[in-house]
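All chains should be built: construct the whole structure from the sequences, respecting the hints.
Residue numbers (the numbering used here), protein chains in the order written: chain A, 629 to 921; chain B, 40 to 297.
Keep in mind that the hints were calculated from the coordinates and are not lab data.
Some hints here could point you the wrong way.
Take a look, some chain B residues computed to stay more than 10 Å from chain A by CB distance [what the hints assert, rightly or not]:
| no. | residue |
| --- | --- |
| 1 | Arg-54 |
| 2 | Leu-99 |
| 3 | Glu-237 |
| 4 | Gln-244 |
If you want the footprint, here are the derived chain B segments under chain A, 3+ residues with CB under 8 Å [to be verified]:
| no. | region |
| --- | --- |
| 5 | 146-158 |
| 6 | 208-222 |
Cβ atoms here follow ideal geometry from the backbone N, Cα and C, with glycine treated the same way.
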Amino acid sequence: MNKLLNFGIYCWSWIATFGVFIVVGLLLFYLLSQGLPTIGKELFFGDAPVWEAIFGQVRVWDALWPACVGTVFLVLLAALLALPLGISSGIYLACFAPKTFKRILSLLVELLAGTPSIVMGLFGFALILFLRNTFLPDANTSLLLAAACLALLILPYLIFTTQSALESLSDEYRLIGPSLGFNQMQTVFHVLIPAAGRSILSGVVLSIGRAAEDTAVIMLTGVIANAGLPQGLLGKFEALPFRIFYLTAEYRTPDELGSAHGTALVLLCLTGILYSSAFALHKTLEYRWNQHR
Amino acid sequence: MEPAPMKHKPFCNIRNLHVSFHGRTVLQKINFTLNNKGILVLVGPSGSGKTTFLRSLNRLNEYYPGYSGGGKIELNLSGSMQDIHCPNLELTELRRQVGMVFQTPNILPVSIAQNVNLPLKLVTGLNKAERKERLIEVLQEVHLWDEVKDRLKENSSRLSGGQQQRLCLARVLALKPKVLLLDEPTASLDFKASHRIEDLLLELQDRYQIIAVSHSLRQARKIAGQILVIKEGQIEHLLNKEQFGDQEMFQKLLNDIF
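Structure representation (structure tokens):
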């Protein structure tokens, strides 16, 4: 009986693994077959000359370039806002927070994690309405607002992964610092965080991916279809996921649907690049930490 | 500049030490004064409080949840007896002077050199050249230098268990402690590596006051100057060399105790 159960579990694990493989493979195949033919100068820049378009001297219509730039700016800005806050909150919760306070804070973070992204968007939108009616009549939805709402969305991922990465270190490992006469700060920053670095990074990567793909938040906070390149923090912007959304929702010709697939492929590559640069950054940090000081 | 030998001077004076975790008593009514007569080895059944006793001496117990305890512990640190709970003695300074090596090799996941360098940098404030010098000195002291001198920048996890444990010892020695606490330092090592560590401890015993927990009676007899038998959180016996020198008598005594 036990043997049969073991065999069953074994088979199921194989099927499950294989299933994931198949699903991801099919998805990639579909995207590649539909999107790859559309990839080209036309998809990115439309009729505009390439170099002028890249540097923003010529306006690009009905093409990807502004959305690519918009998404990169959006993600970087959101990460810039969320990373320091999220990681330091995680460190505080894991290493410094008093017990009861920690319980309350963790509850709040869980609440934040459970908030749907559209609610974050709504919150941003309501904030702008409030500001307009009170002391900032010129306030408008913008890149900065969208990034701030996105930052709010990814904050709990960062806090959770940082906290659990630090808390999962073994008791003996935690004692290295104190046993060598380190104070608590030194223990946290020179012993615990470097050891938890890899797991913290995976949280960063996850949250960057989450920020890049989210549409609901930015829809209410500043993205529009034909904004061109982002004109500063307080300007409107375009973004890849939103472009995919409106192309597939409102396409009139098969070509437009095709370019939506192309856009999806580009978004996938973009997140891939973001992931790998985060990974490369981590490698560099690890290398430097390892060096003879 | 080696620490001066502290032969036959009192080095440890404990009055009414008691420790409990979450209300469960682990050590109680510990009273004794100890002279420096070589390595002090703690033996006793598992769960008898040996490790807790060891951790009382560098106040590491206070890191564990549910700790409560009291009593007075004086150690001979800088030539005179010093109360380790005295507010004038910084906790970090106490732990520098009372170094500890754990049961399993507890290396930092960095290079071999960095394992010794990081504590030196953070705790002692030596400059780079002095740190380099100290690194070589302690690696030679634990006989690791010849094995690692060409691979100092390699990750220390590539060392064998015995080498890692000697690296941990070197890391502690680099901070120039007065007392060394060793919590079953050979528990995770094979026979040969254990022997190397034991021989090393015998070499070091003149320079540092060593207190070690051991699970092996063979090892205890080999390295100890005195043996402290702990049972159910209390001190049962303090044996000197004559008492455990004769194996049969020692065995009989232990059979009576356990």
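Decide, holds or violated, for the assertion that all CB atoms of chain A are farther than 10 Å from the CB of Leu-99/B. violated, 6 Å
Given that the region 208-222 of chain B was listed as covered by chain A, double-check it with a C-beta distance under 8 Å for 3 or more residues. Since three or more residues must qualify, the claim that chain A covers the region 208-222 of chain B holds, with 3 doing so at under 8 Å.
Residue count check for the region 146-158 of chain B against chain A: does it reach three with CB-CB under 8 Å? Coverage by chain A holds here, the residue count being 9 at a Cβ distance below 8 Å.
Report holds if the minimum CB distance from Arg-54/B to chain A is greater than 10 Å, and violated otherwise. holds, 24 Å
Non-interface label on Glu-237/B, tested against every C-beta of chain A at 10 Å: The claim stands: Glu-237/B keeps its Cβ more than 10 Å from every Cβ of chain A (closest is about 22 Å).
Over 10 Å from every CB of chain A: does Gln-244/B meet that, or does the non-interface label fail? holds, 21 Å
Going down the numbered hints, you'll see the structure goes against just number 2.
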